[in-house]
Amino acid sequence: MRVALFLTCVNDTLYPDTGRAVVKLLTRLGVEVDFPMAQTCCGQAHYNTGYRHETEPMARHFSDVFGEYEAIVTPSGSCGAMVRELYPRLGERARAEGRGDGLATALAPVVPKTYELTEFLVDVLGVTDVGACYPHKVTYHPTCHGLRGLGLGDRPRRLLQAVKGLELVELPGAEECCGFGGTFSLKNADVSAAMGADKVRNAESTGAEVLCAADNSCLMHIGGTMARLSTEMRPVHIAEILASTEEEPAA
Amino acid sequence: MSGTFVGMPAFPKAAHEAVNNPTLRGNLRHATHTIRAKREKAVAEVSDWAELREAGKRIKDHTLRHLDDYLVQLEESVTAAGGIVHWAADADEANRIVTELVKATGESEVVKVKSMATQEIGLNEALEAAGIHAYETDLAELIVQLGKDRPSHILVPAIHRNRGEIRDIFAKEMSEWGRPAPEGLTDTPAELAEAARLHLREKFLRAKVGVSGANFMVAETGTLVVVESEGNGRMCLTLPETLISVVGIEKIVPTWRDLEVFLQTLPRSSTAERMNPYTSTWTGTTDGDGPKTFHLVLLDNGRTDTLADEVGRQALRCIRCSACLNVCPVYERAGGHAYGSVYPGPIGAILSPQLRGTASEIDASLPYASSLCGACYEVCPVAIDIPEVLVHLRERVVQGGEVTREGNKVVLKPAKGHAAERAAMRAARWAFARPGAVRAGQRLASRTRRLHPRRLPLPGPGKAWSETRDLPPVPAEPFRDWWQRTQGGAK
Ligand code: SF4
Numbered sequence: 001m002r003v004a005l006f007l008t009c010v011n012d013t014l015y016p017d018t019g020r021a022v023v024k025l026l027t028r029l030g031v032e033v034d035f036p037m038a039q040t041c042c043g044q045a046h047y048n049t050g051y052r053h054e055t056e057p058m059a060r061h062f063s064d065v066f067g068e069y070e071a072i073v074t075p076s077g078s079c080g081a082m083v084r085e086l087y088p089r090l091g092e093r094a095r096a097e098g099r100g101d102g103l104a105t106a107l108a109p110v111v112p113k114t115y116e117l118t119e120f121l122v123d124v125l126g127v128t129d130v131g132a133c134y135p136h137k138v139t140y141h142p143t144c145h146g147l148r149g150l151g152l153g154d155r156p157r158r159l160l161q162a163v164k165g166l167e168l169v170e171l172p173g174a175e176e177c178c179g180f181g182g183t184f185s186l187k188n189a190d191v192s193a194a195m196g197a198d199k200v201r202n203a204e205s206t207g208a209e210v211l212c213a214a215d216n217s218c219l220m221h222i223g224g225t226m227a228r229l230s231t232e233m234r235p236v237h238i239a240e241i242l243a244s245t246e247e248e249p250a251a
Numbered sequence: 001m002s003g004t005f006v007g008m009p010a011f012p013k014a015a016h017e018a019v020n021n022p023t024l025r026g027n028l029r030h031a032t033h034t035i036r037a038k039r040e041k042a043v044a045e046v047s048d049w050a051e052l053r054e055a056g057k058r059i060k061d062h063t064l065r066h067l068d069d070y071l072v073q074l075e076e077s078v079t080a081a082g083g084i085v086h087w088a089a090d091a092d093e094a095n096r097i098v099t100e101l102v103k104a105t106g107e108s109e110v111v112k113v114k115s116m117a118t119q120e121i122g123l124n125e126a127l128e129a130a131g132i133h134a135y136e137t138d139l140a141e142l143i144v145q146l147g148k149d150r151p152s153h154i155l156v157p158a159i160h161r162n163r164g165e166i167r168d169i170f171a172k173e174m175s176e177w178g179r180p181a182p183e184g185l186t187d188t189p190a191e192l193a194e195a196a197r198l199h200l201r202e203k204f205l206r207a208k209v210g211v212s213g214a215n216f217m218v219a220e221t222g223t224l225v226v227v228e229s230e231g232n233g234r235m236c237l238t239l240p241e242t243l244i245s246v247v248g249i250e251k252i253v254p255t256w257r258d259l260e261v262f263l264q265t266l267p268r269s270s271t272a273e274r275m276n277p278y279t280s281t282w283t284g285t286t287d288g289d290g291p292k293t294f295h296l297v298l299l300d301n302g303r304t305d306t307l308a309d310e311v312g313r314q315a316l317r318c319i320r321c322s323a324c325l326n327v328c329p330v331y332e333r334a335g336g337h338a339y340g341s342v343y344p345g346p347i348g349a350i351l352s353p354q355l356r357g358t359a360s361e362i363d364a365s366l367p368y369a370s371s372l373c374g375a376c377y378e379v380c381p382v383a384i385d386i387p388e389v390l391v392h393l394r395e396r397v398v399q400g401g402e403v404t405r406e407g408n409k410v411v412l413k414p415a416k417g418h419a420a421e422r423a424a425m426r427a428a429r430w431a432f433a434r435p436g437a438v439r440a441g442q443r444l445a446s447r448t449r450r451l452h453p454r455r456l457p458l459p460g461p462g463k464a465w466s467e468t469r470d471l472p473p474v475p476a477e478p479f480r481d482w483w484q485r486t487q488g489g490a491k
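Protein chains in written order, with the working numbering: chain A, 1 to 251; chain B, 1 to 491.
Only chain A is shown next, with the shape it has when bound in the complex:
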């Protein structure tokens, strides 16, 4: 099977390790991965801040770049939700504004083929044990868009539970938002920071070494708060845990 990796602009620029982990993991599972070089950004920040018209050409670009692939895999719950949940809405709104079906038709092919990484592993490849080894105590934060947008359910937990040596501990208040919310964290910095601090305190109470999530944007905010609160814990993307093996362990 040949899939396209939609890494997302944040991961591409700031978290290349996550990208390398996805490639390593999928390749190990026998999947042929391509990284279309023309990819940029799904437009989520634009859309969520109120710039729907600015988002449309970005969505079209996404569709041009990824339309031909059998499946599109992304290590980001929120960017995955953008494509799956909100691209159809972009099309509908354009139609409602009397601009015809063009946008909806252009976006339709990519919507059902886009998968968040853990979803792809469990639903498409049908694996929960990916042969990983990660001897650490880990707690998992289900990010809002993964949880409620994509409905990832217990897929990430099942994958983590199958990892050799990994001890998974429950995060109190797991389903509460960490306070990132893209531009929300800039526009309502006080509230966002208070939410982040509570999330970090809850995570600390578990005694885990690692807080893991399926979205580096949330991890950037949580990790930044951890550093500021001088927490021992580290934020790690789930892909890096799943890619880790006995021979080539992740940090």
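Any given hint could turn out to be false.
[Claimed, not checked] Across the chosen pairs, the derived CB separations fall in these ranges:
hint : chain 1 : residue 1 : chain 2 : residue 2 : range
1    : A       : Glu85     : B       : Glu176    : 46 to 56 Å
2    : A       : Arg201    : B       : Lys491    : 22 to 32 Å
3    : A       : Pro249    : B       : Gly400    : 51 to 61 Å
4    : A       : Val127    : B       : Gly489    : 17 to 27 Å
5    : A       : Glu209    : B       : Pro189    : 39 to 49 Å
6    : A       : Cys133    : B       : Arg485    : 25 to 35 Å
7    : B       : Arg58     : A       : Ala174    : 28 to 38 Å
8    : A       : Asp154    : B       : Glu128    : 51 to 61 Å
9    : B       : Lys103    : A       : Arg201    : 49 to 59 Å
10   : A       : Ala174    : B       : Pro182    : 16 to 26 Å
11   : B       : Glu194    : A       : Glu170    : 42 to 52 Å
12   : B       : Arg29     : A       : Glu170    : 16 to 26 Å
Rather than coming from a laboratory, the hints here were simulated on the basis of the structure.
C-beta: ideal position from N, C-alpha, C; glycine also.
Based on these hints, arrange chain B with the ligand on the given structure of chain A.
Frame of chain A; chain B with the ligand shown alone:
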């Protein structure tokens, strides 16, 4: 603190204080987390919750689609039952109508059962200006009124107060309004409730005019419905000679059968009870029983304008259960006052900028008072997609566009203060259409990465971020360069 919300600062500024007030945050956290857990249990008991939610949504949508017909039907049935219907286009008109009606009775005081519609229009203040005292009789409303405070929650308007604060308010203020608090009042719930009971009982027995809101109005029979927990509302509805009910036009349901759905979903979503303790219904007037005169004031105040908006109109499905407030992480930290309206929390963030427009600073900031986490949508018993409406209203703020105001189509200009953001968004969009530009930017960032501050305050909007969080380090090589160099690790 005044009783109204006029001239509130933007949400982030208003929230700043609450976020830094540990007592308030403690009160809010405790209250919302307790009710949140209870609600979850109460909802889990019902095997067909998803169907009830869908049914509630459909009934409301159907009613809103045919609102004009149902309102005419309601007017006919209320009139046939001996009531008098008045139509109020906005707050001023509604206040004028009610003030005239009270004046016509020759009375100078009224008792009130908790009504958000009257708070929305500032009725108490309008009555006061005409020399009429309005007494709130819902316990939490009483606390807010005596404390010269503002409500901060739909269901528990005094949620931000603890017992000690309430005792002090009662001891200090009750005598100014009527029967004083008993000597040596303590902060035990029983004593506080008894003090309120004695104080209120006196007012109920004296008052000739009652003012109420309603949770529902049944079009087929002209019946109004109030659900409450204390029974004080029932006193207000039955003891006075004249009853004036002020109700938003969206509160209508076609038939008694439709009520069945909401009388299940409302109590479980709001107080986590299986059934509501007091459900009062009244239909026009009846000889020898209850008020002799009944007036219904139907309030628009921005509702038909909201109805004209395809995406935003779903806010009118709201049954004011407050479940969305109790799960909202932003409400929990910012408190209800920061929303600058009698409707706080997620529903307030989408309702106020629609009812009042987005012209003021606070109304333009409300659509951003959310991280779009979606918890509100998940719990809403009438499935209002609050995040969708928030984003839709953000679009209105930054891009302007066509809206309906007082029945006329007007084109809004983008709100002020978003020029820099708009430019940045455009620039980013331009770059993202050009992979080469993205790459150049990444390379520049990588090459200068040692210069990027992780802790120093950044200028502009970045400042808010870097004051409380460290920024991530910029990697030496963006992914795409690695990919190209190694062909995905193959080389
Ligand atoms: S929006 Fe939904 S959850 Fe919030 S108060 Fe209204 S009905 Fe309840």
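_Numbers of unmet hints, in rising order_ = 2 and 10
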